[in-house]
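J.: In case you want the letters, here they are:
2 protein chains.
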Amino acid sequence: MASVSVPTSLDGAKALDCADSLAALRAAFHLPGDLIYLDGHSLGAATHGALARIDDAAKREWAGGLIGSWNDAGWIDLPNQTGARLARLIGAAPEDVIVCDSVSVNVFKLAAAALPLAKNTRVLIVEEDEFPTDQYIVEGLSALADVKFMRAPAGEGLAALRERGGVLVKSAVNYRTAALADMAAHERAAADCGGVVIWDLSHAAGVIDLDLNACGARLATGCTYKYLNGGPGAPAYIYVRDDVAASVRSPIAGWFGHAAPFAFDAAYAPKEKAARFAAGTPPVLSLSALAGALDVFDQIDMAGAAKKTRALGDLCLARCEALGLPSPSPAIGEMRGGHICILHDNGYAIVQALAAAGVIADFRAPDAIRFGFSALYTRYQDVWRAMDELERIVKTASWDAPGFKKKNAVT
Amino acid sequence: MASVSVPTSLDGAKALDCADSLAALRAAFHLPGDLIYLDGHSLGAATHGALARIDDAAKREWAGGLIGSWNDAGWIDLPNQTGARLARLIGAAPEDVIVCDSVSVNVFKLAAAALPLAKNTRVLIVEEDEFPTDQYIVEGLSALADVKFMRAPAGEGLAALRERGGVLVKSAVNYRTAALADMAAHERAAADCGGVVIWDLSHAAGVIDLDLNACGARLATGCTYKYLNGGPGAPAYIYVRDDVAASVRSPIAGWFGHAAPFAFDAAYAPKEKAARFAAGTPPVLSLSALAGALDVFDQIDMAGAAKKTRALGDLCLARCEALGLPSPSPAIGEMRGGHICILHDNGYAIVQALAAAGVIADFRAPDAIRFGFSALYTRYQDVWRAMDELERIVKTASWDAPGFKKKNAVT
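Heads up: the sequence lines are chains H and W, in that order. Here the first sequence is numbered in this note's numbering, starting from 1 and rising by one per residue. Here the second sequence is numbered in this note's numbering, starting from 1 and rising by one per residue.
This is chain H alone, in the form it adopts within the complex:
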């Protein structure tokens, strides 16, 4: 791996925590007891602010304010306002982001909307190691819209796009390896060939310093329940660059994307900008938790947070390397997202043993263990201790013992 400076002892890790300018943010989170939670890439931890916000939304706004809260509590503007706050974290203009639906539904909407933008070729491309739901969604859309579907080999979506144009759905950070895509290169290729890239930012937003505008991204979506700590199944978002918005239409033309949803016109007239991609009535309670979670992010600079996340990952990788555990994650921090993946035939059993020792990681079939780091609440000493447990387990485990069966975990 690249030569980076990492602590070589628990004391060294603690010293980094003492010097960490982000360390105080950890107090904003509800973290159960001594648990070392390294699964924020799957479900982020709760902030006290998010818990307070959902409590207020349920009791004061819904139960107390009833229908009047659409105006009085600002529910009607919440998808836009929350999107605007989120925009800063991904390098977008405030009005270019709207919170709505799930990533699955949003990939569908964006891929369908992008088809008329893609000159020359009606083909939908997705790589074979892409997060499964993105593959399923794109293939399902191709059947409905009668568009060619192409599943490209891993890492070859860019080449496929260059060769034939069309619409490529691509994760900014791979869910398994944590490899960061060269977003600017993809966008240059798209510009050259008349194609379109739709970015899935699920494993990237809130943990690395994305700059959608600078890299030329036009369309993106992502979830908010991972590094953005919006809560289980928190609504996703859609980014549409300002100059593209007028040229795209959501195929799911719901009333919340209508310019005048309460005029009850028969004819559809989409809202301006990204807001035209809203569909049905937003899930106000879940959305309120997300709005509360963003309070912590309002205080931080993503570049500084990303720097710390890379250092946490470097420490994890160095310890795994010392144990001889292979990792498909990029050794250079700038080329990674917020998690580190290691491969082991007994990955599921290891993750179970780690959980029994108070370290929460996760497993992805068939052999991937993932450790996720959030600059907002993960400490260097947490990573050190987690790696101590990992070392103990891999050096002492009896893989044939009962209960150490390989199987899929839910999440």
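No wet-lab data here; the hints were simulated from the structure. Be a bit skeptical, because a hint or two may be false.
Intra- or inter-copy, both count: the list cannot distinguish identical chains.
[Unchecked claim] DSSO-like, lysine-lysine: derived pairs with alpha carbons at most 27 Å apart:
{"#": "1", "residue 1": "Lys307", "residue 2": "Lys14"}
{"#": "2", "residue 1": "Lys14", "residue 2": "Lys308"}
{"#": "3", "residue 1": "Lys271", "residue 2": "Lys148"}
{"#": "4", "residue 1": "Lys119", "residue 2": "Lys307"}
{"#": "5", "residue 1": "Lys271", "residue 2": "Lys119"}
{"#": "6", "residue 1": "Lys14", "residue 2": "Lys395"}
{"#": "7", "residue 1": "Lys271", "residue 2": "Lys14"}
{"#": "8", "residue 1": "Lys308", "residue 2": "Lys119"}
{"#": "9", "residue 1": "Lys119", "residue 2": "Lys148"}
{"#": "10", "residue 1": "Lys148", "residue 2": "Lys59"}
{"#": "11", "residue 1": "Lys59", "residue 2": "Lys119"}
{"#": "12", "residue 1": "Lys14", "residue 2": "Lys148"}
{"#": "13", "residue 1": "Lys395", "residue 2": "Lys271"}
{"#": "14", "residue 1": "Lys271", "residue 2": "Lys307"}
Given the coordinates of chain H, work out where chain W should sit on it, guided by the hints.
T.: Same frame as chain H, now just chain W:
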């Protein structure tokens, strides 16, 4: 109007409340002060159980249980389990209902899925007085899937279906007039012509005694934030009759509709039954509020609740008739949903004046005032008092006074 027995005084209304076997359920609801809330057809009131459930989901399950709650707290089964409880209220088998997405997204999914079922003709039909989002969605789908779109005159969807087949999207209860569709007649026509009806139950479920199985319904969706009291923007649901499920596929093939979502297979294999219409990660916090709200419904028989709702509506209609206010709502209770609509050029001003007097109704442009009744928390005396206020307003109002301007209200 039809000759029905309604109370003729406040004391008479109170006597009915005393004799009401459902009266005790009102204590399950958080109802602010002396407010008379007749807007449950737009946003249902909160139950103490729903508020407790979302509090528990946020604090104990999310903040405390973190990722483990997908299994330990049963989040993974919540869309199915909640759908199964809801199924009884609409006359469906438990496994034929799944909670997912919004009505807008679900109408899209069902209408697309129904196209291959509709023999002979690829046409999507919707009536011109249908709830606007249903019209927008169907028109948007027709463009994407290259299917003919037909906007039928009000009330003529059935004739259009008989004549040409295709897929008709139709509300069981009209959002404006509260007229109940003859669901069995529609289904007979669909069976005869090889067409398909997709029912929007948004203004019907939780307030009248629907029996989807008995009337031959095959596909339906509806929202849960009105009479089902699931909370603002609570997730919607999809009903797919068992014998049809294997023949239909959701066009939005998200991972939560996959038979093995955590196997991360590249190939899509849909779940059995209605569950195949799930798409992305469910909004657990919003869904938990809905699950809590259904506790009250678990105790009741919908036929009894519907009988009371009709009686509340009869009282409202009788008072409005005495005031000379025209209503497009059916006079016969069995032909209505849970709300009563009256028409007035100054409808918006009247609704504002009612609110100032502590009576919450709503307004739909250009001239419709809606009063909604829930058998679970609306009392006969509430209707009587609301009508007293309405009488005072229409008899004394000066329509040209400042602040009495016509305009659209949000919701």
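J.: Which hint numbers does the structure go against, in order from smallest to largest?
T.: 4, 7, 8, 10, 11, 12, 13, 14
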